[in-house]
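> Residue-level listing of the chains:
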Amino acid sequence: MLLYALKRLAALLPTILVPMVLLFVLIRLAPGGPAGALLGDEASPEQIQALNNQLGLNEPLWRQFINFLGSLVRLDFGDSLFLKANVTGLVLDRLSVTATFVILSMIFALVLGLITATIASRSHNGPLDRILVGFAVVGNAIPSFWLAVMLIGVFAVQLRWFPVAGYAPPTDPIAWAQHLILPVFCLGVLQAAELFRYSRASMLDSMSQPFVATARSLGLSDNTIQNRYVTRMTLVPIMTVFGLSLGTLLGGAVILETLFSLPGLGQLLLTAVQRRDYPLIQGCAFFIALIMVIANLIVDLFYAAADPRIRYGKAS
Amino acid sequence: MSASTTRFTRTSKALFHEPNALVGAGLLLLIIVISLIAPLISPDPTVVNPLHRLAPPSLEHPFGTDNLGRDVFALTLWGGRASLLITAISTAIAVILGYAIGVLAGYFRLFDSIVMRIMDGLMSFPSVVLMISLVGVLGNGVIPLIIGMSITLIPATARLVRGAALSAKELTSVESARAIGARTPRILIRYIAPEGVSVVIVQTTMALATGILVIASLSFIGIGLDPSTPSWGGSLSSAQQYFNPAWWMAVFPGLAIFVTVLGLVLVGDALRDVLDPRSSRG
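So the sequence lines, in the order shown, correspond to chains A and B.
Throughout the first sequence, residue numbering follows our numbering, covering 1 to 316 in sequence.
Throughout the second sequence, residue numbering follows our numbering, covering 1001 to 1282 in sequence.
These are calculated hints, taken from the structure and not from any lab test.
Glycine residues also receive a C-beta, built at the ideal position from the N, C-alpha and C atoms.
Hints may contain errors.
Stated by the list, open to error - Here are some chain A residues pointing at chain B (derived, C-beta under 10 angstroms): (1) VAL18; (2) VAL21; (3) VAL138; (4) GLY153; (5) ALA156.
Stated by the list, open to error - Within a straight-line C-alpha distance of at most 20 angstroms, the following computed EDC-like cross-link-like pairs (lysine to aspartate or glutamate) qualify: (6) B:LYS1013 <-> B:ASP1273; (7) A:LYS7 <-> B:ASP1112; (8) A:LYS7 <-> A:ASP307; (9) A:LYS7 <-> B:ASP1120; (10) B:LYS1169 <-> B:ASP1112.
Unchecked claim - Which chain B residues stay away from chain A? Per the calculated CB distances, all over 12 angstroms, these: (11) HIS1017; (12) GLY1026; (13) LEU1040; (14) SER1058; (15) LEU1059; (16) GLY1069; (17) ARG1081; (18) ALA1088; (19) ARG1109; (20) VAL1142; (21) ARG1183; (22) THR1184; (23) SER1198; (24) ASP1226.
My request is simple: use the sequences and hints to build the entire structure.
Below, the structure is given as C-alpha cells:
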C-alpha cells in the first residue's frame, strides 16, 4: 500500500510542476520584462534594477530556474511585493478558510447528489426522475456567481436572514454558520447536479447487472438490494467523478470567496493578480496545486482500499 | 468522401429527432444572432445617463437601467460579443492543437509519455485558477485571455482524442495499410485521425461551455476584459450592490450566460448520445 501511495504521488507531481513552470516562463516573457510591467513607463532604471534584484531576475536563466525549483522544494516563494510579508505565511493564514469552505460544500454536494441519484434511479423514467434530471441539466448551466448574486439579493438583502458577506471565526459558531450557509449552498448545490448525473447513470448501470436480478429472485427487498449491493458497486465510479470535480469546486470557491468576502486563498490570489504581485501569484498557485495533489492522492488511496485489483494490477 | 457525407446526414437526422438538441440549437442560434446584430437593433450600451439611474423595466428600457443609467437591455445584447468571440477563437485553437497532440500521443509511445504527463498536469489544475494566474502574469487584454484560454482547454481535447487514437491504432485497417506499405503520415491522417472526429465534435461544445463560464467568471471578478467593454460577467459584478431595488441588473445578464451554456450543454449531450452511444449518460 505504501509503495502504491508513493507511485501515485510521483504520478501526481506534474500537477504541481507543469503550472509552476508555465508561470515561471510566462512571467519572464512579459513585454518589457516583469519589472517593467510592474513599475510602468515612468520607472527609473535604478528602480527596475532594484526590483530585478529582489525577484532574482539578474541572474542567468539556468540559475533562475534552479533557484525556482529550490523555492518549490523549500516551500519558500520570497516576500510578497505589496504585502511585504512572506508568501508562504500569507497563504497558510488563508488556507483554513478555503479548506473549510470547500470541504463543507463537498460534503453537501455529495449527500445531496447521492440521495437524489438514489431516488431518481429507483423511479427510473418516472415523473420524479424526469424532474430531477431536468434540475441537473439546469444546474449544470447556471454560473455559481450568478446564483450567489441572486441568493444574496433575496436572502441577505431583502429578507435579511443571512449577512451579505464576510466571515466569522469558528470560535463564534452561530455567526460562523450564518456566514457560511449561503456560499456553501451555492457551491455545493451546483456540484451536486454534476454528481447526480454520474451517480444516477452508474446506479442504473449496476441495477441492470445480473446479480441484482439474482438478488431479487431470492426475494431480497429493493431497499436491501440498493443499500447492500447497488450503492457499493457505484462507489468507485462516483469517486472518479468526485476526484475530477475537485478542480471545479476549488475554482468555484476562488470566485465565490471574492464575492462573499471570505478571507481565503481565492481572495488572496485575486489581490495578487490585481497588483501583479508575482511571488504571491506563484505561491497561491502552488498551494492550490498542492491541495489538488493531496486530494487526488486521498481519492486514489480510497480506490485502492475499495478495490484491491487496483493496488496490485496495472495501476494507471 | 461519400462515407463521411452519409455519416453527416445520419447524424443530423438523428439530432433532428432529439427535442433537447433542437431546443439547445435554438437557444444557441438566438444568442449568436443577437450578438451579431446587436449594433443594428440596440442603442449604444456605453451611453451613461445619470438622470435615468436604476430605472425599472419599461417600454423605453425593457430590462431597466443600471447604476450609471446605462440601458441593461443594450448591455445584455452587447455583453456576449467579446466573450463569445474570445471563446470561439480559443476553442478553435485548443481543438486544433489538442486534436494534433491527441493523435500523435495515441500513436507514438515516447511522445505520449512526455506530452501527456504535461497535459495531465495542466488538466488536474482547476481551470478557473489556471486562467486567473495566467492572465495575472500576462496582464489584462484580449490576447492574454485567448492564450490563457487555449492553454486551459487543450488538455481535455488532447486526452479524449488520444483515447480514440489508441484504440484506432489496433484496428485491422491500420495493420493492413501498413502491410501494403503506407507511410506513417498517411496512416495518421487517413486512418487514425478520422477516428477522433466524433469525440472532438462533442468536446468542442463542452470546451465552448467551459470557455463562456470561465471568461464570465473572470470578468465578474474584474480580470481580463477591459471594464469598459460590455460583458455579462462585468454587468453582474456591478449588479451586486444594487440588488435592492435594481434586481433587473442581476437577472438579465445572468440569464444570458445561463441560456448560452444551457444551449451548449443540451447540444453537446445530444451529440454525445448520437455519435457515441457507449458513453451516453442515460
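> Just want to verify: ALA1088 (chain B) was marked as not at the interface with chain A; is every Cβ pair farther apart than 12 angstroms?
The claim holds: ALA1088 (chain B) sits with its nearest Cβ about 18 angstroms from chain A, beyond 12 angstroms.
> Hey, is SER1198 (chain B) genuinely clear of chain A, shortest beta carbon separation above 12 angstroms?
The claim holds: SER1198 (chain B) sits with its nearest Cβ about 19 angstroms from chain A, beyond 12 angstroms.
> For LYS1013 (chain B) and ASP1273 (chain B), compute the direct alpha-carbon distance and say whether it is at most 20 angstroms.
holds (13 angstroms)
> LEU1040 (chain B) clear of chain A by more than 12 angstroms, beta carbon to beta carbon?
Nearest chain A Cβ is 28 angstroms from LEU1040 (chain B), so the label holds.
> Against the 20 angstroms threshold, does the CA-CA distance of LYS7 (chain A) and ASP1112 (chain B) hold or violate the hint?
At roughly 19 angstroms apart (the allowed maximum being 20 angstroms), ASP1112 (chain B) and LYS7 (chain A) satisfy the hint.
> Are all C-beta atoms of chain A more than 12 angstroms from that of ASP1226 (chain B)?
holds (14 angstroms)
> Compare the distance between the alpha carbons of LYS1169 (chain B) and ASP1112 (chain B) with 20 angstroms, and conclude whether the hinted pair is satisfied.
Satisfied, since the Cα-Cα distance of roughly 14 angstroms is no more than 20 angstroms.
> Can the hint on VAL138 (chain A) be confirmed by a CB-to-CB distance to chain B that is less than 10 angstroms?
This interface hint holds because 7 angstroms falls under the 10 angstroms limit.
> Would you say SER1058 (chain B) is clear of chain A, with no C-beta pair closer than or equal to 12 angstroms?
The assertion about SER1058 (chain B) holds, with a minimum of 21 angstroms to chain A.
> For GLY1026 (chain B), is the shortest CB-to-CB distance to chain A above 12 angstroms, so the non-interface label stands?
The assertion about GLY1026 (chain B) holds, with a minimum of 15 angstroms to chain A.
> At 12 angstroms, judged by beta carbons, does ARG1109 (chain B) keep clear of chain A as stated?
Non-interface label stands for ARG1109 (chain B): nearest chain A Cβ at 15 angstroms, farther than 12 angstroms.
> Confirm or reject: VAL1142 (chain B) is not an interface residue toward chain A, with every Cβ-Cβ distance exceeding 12 angstroms.
Per Cβ check, VAL1142 (chain B) is outside 12 angstroms of chain A; nearest 15 angstroms; holds.
Hint check: no violations occur; every hint is consistent with the structure.
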